[in-house]
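Q: Sequence:
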Amino acid sequence: MKVIKTAPHVPTDISVEKINDRQIRVCVSAFESGYAITLAHPIRRLLLQSSVGYAPIGIKIENVAHEFDSVRGMSEDAALFIANLKNIRLVGQAKNPDEQLVVHYSFKGPAKLCGKHLETEGVEVVDKEAYLATINEDVQLDFALIIQRGMGYVPSESIRGLIPSDYIPLDAYFTPIRKVVYNIENMLVDGNPNFERVVFDIESDGQVDPQIAFQEAIKTMHAQMHIFSTSMAHSKAYALEDSLEIKDLVRKVEDLDLSARCFNCLDKIGIKYIGELVLMDAYELKGIKNLGKKSYDEIAEKLEQLKYPVGQELSPEFKASLKARIDKLKSEDN
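Here the sequence shown is numbered in this note's numbering, starting from 5 and rising by one per residue.
Keep in mind the hints are simulated off the structure, nothing from the lab. Some hints here could point you the wrong way.
Capping the alpha-carbon separation at 27 Å, the derived lysine-lysine pairs in DSSO-like fashion look like this [stated by the list, open to error]:
no. : residue 1 : residue 2
1   : K332      : K290
2   : K99       : K116
3   : K306      : K272
4   : K22       : K9
5   : K183      : K116
6   : K251      : K311
7   : K293      : K323
8   : K132      : K256
9   : K99       : K112
Here the structure is a predicted model, which is why all the values come from computation and not from measurement.
The task is simple: from the sequences and hints, build the whole structure.
A: Listed below in structure tokens is the structure:
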């Protein structure tokens, strides 16, 4: 039997399978047709572009002027050495993770240098066996790295101004996520075949746990979407503030044509606008100094005529907009 819906089905099942330390599989279901890809594609994009990782952004090699120079006593020239270096994933351990970390190295030959040789206080190496360079006997290799935390890819020309002039800027590959693949599978829900399951396969380079990266991507998505709820609320408040109802309530109290005694009671405590009376409940109105029962009844009658009887329930948005408009007018008066 066909059912008329008033809201889409909300997924309730999620499972995370750990393939290894760097790979996970995430399954989420059940989505109505079309909803799975609507969410899966931006999540993939956020994982690849917004995940935060570490990368060397600058290098200074003793007696090397530029990246196309040769390095005395090393099998590799500077360009190949730098290429090997960028393939080794480093994780900074600075107290402030957003600060640049400067690390100095000195090696004596003969030696075959690998990722593990870059480990030092403040730096952890993920790819410990990754090849770096070979230096000959009676050679000393001295170099310094600047390591920073970031996201995405930043070309060397954009980094030039972030490092000292005697350092060679490096293309920075911050992204710790190597691969994100998603598949959308059909599934049966209550006899209906038009439901879908999305399966993510996520692989990191070892800098971060892929499950944590997935959770951070979801947080980023929520943060990006939040602007719509806040802006819509702001637009609603603006529309209320500019509405005919509020314009009617920001007229001066004199327009109510109150008796002199009643008007003077309000004037003495600084009530200038009709909306200020509308925002008061019966207890607050009766508490106005020297406002007797007759004057209270007079105000209540006038507000009744305006279709805003004393004690009427107003929406929080309407009350906030009315108060904001009155505060603005009072500040302009002063």
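Q: K99 and K116 were given as a pair; does the straight-line alpha-carbon distance stay at or below 27 Å?
A: With Cα atoms ~31 Å apart, K99 and K116 exceed 27 Å; violated.
Q: Are the Cα atoms of K251 and K311 separated by 27 Å or less?
A: Holds, at roughly 14 Å.
Q: Holds or violated: K22 with K9, Cα cutoff 27 Å?
A: violated (37 Å)
Q: Run the distance test for K293 versus K323: straight-line Cα separation, threshold 27 Å.
A: holds (24 Å)
Q: With the threshold set at 27 Å, check whether the alpha-carbon distance from K306 to K272 stays at or below it.
A: holds (20 Å)
Q: Given the hint that K99 pairs with K112, does the C-alpha gap stay at or below 27 Å?
A: With a Cα-Cα distance of about 30 Å, the restraint between K99 and K112 is violated, given a limit of 27 Å.
Q: Is the Cα-Cα distance between K332 and K290 27 Å or less?
A: At roughly 26 Å apart (the allowed maximum being 27 Å), K290 and K332 satisfy the hint.
Q: Is the hinted pair K132 and K256 satisfied, with a Cα-Cα distance of at most 27 Å?
A: violated (77 Å)
Q: Sort out whether K116 lies within 27 Å of K183, counting only the CA atoms.
A: violated (30 Å)
Checked against the numbered hints above, the structure breaks hints 2, 4, 5, 8 and 9 and satisfies the rest.
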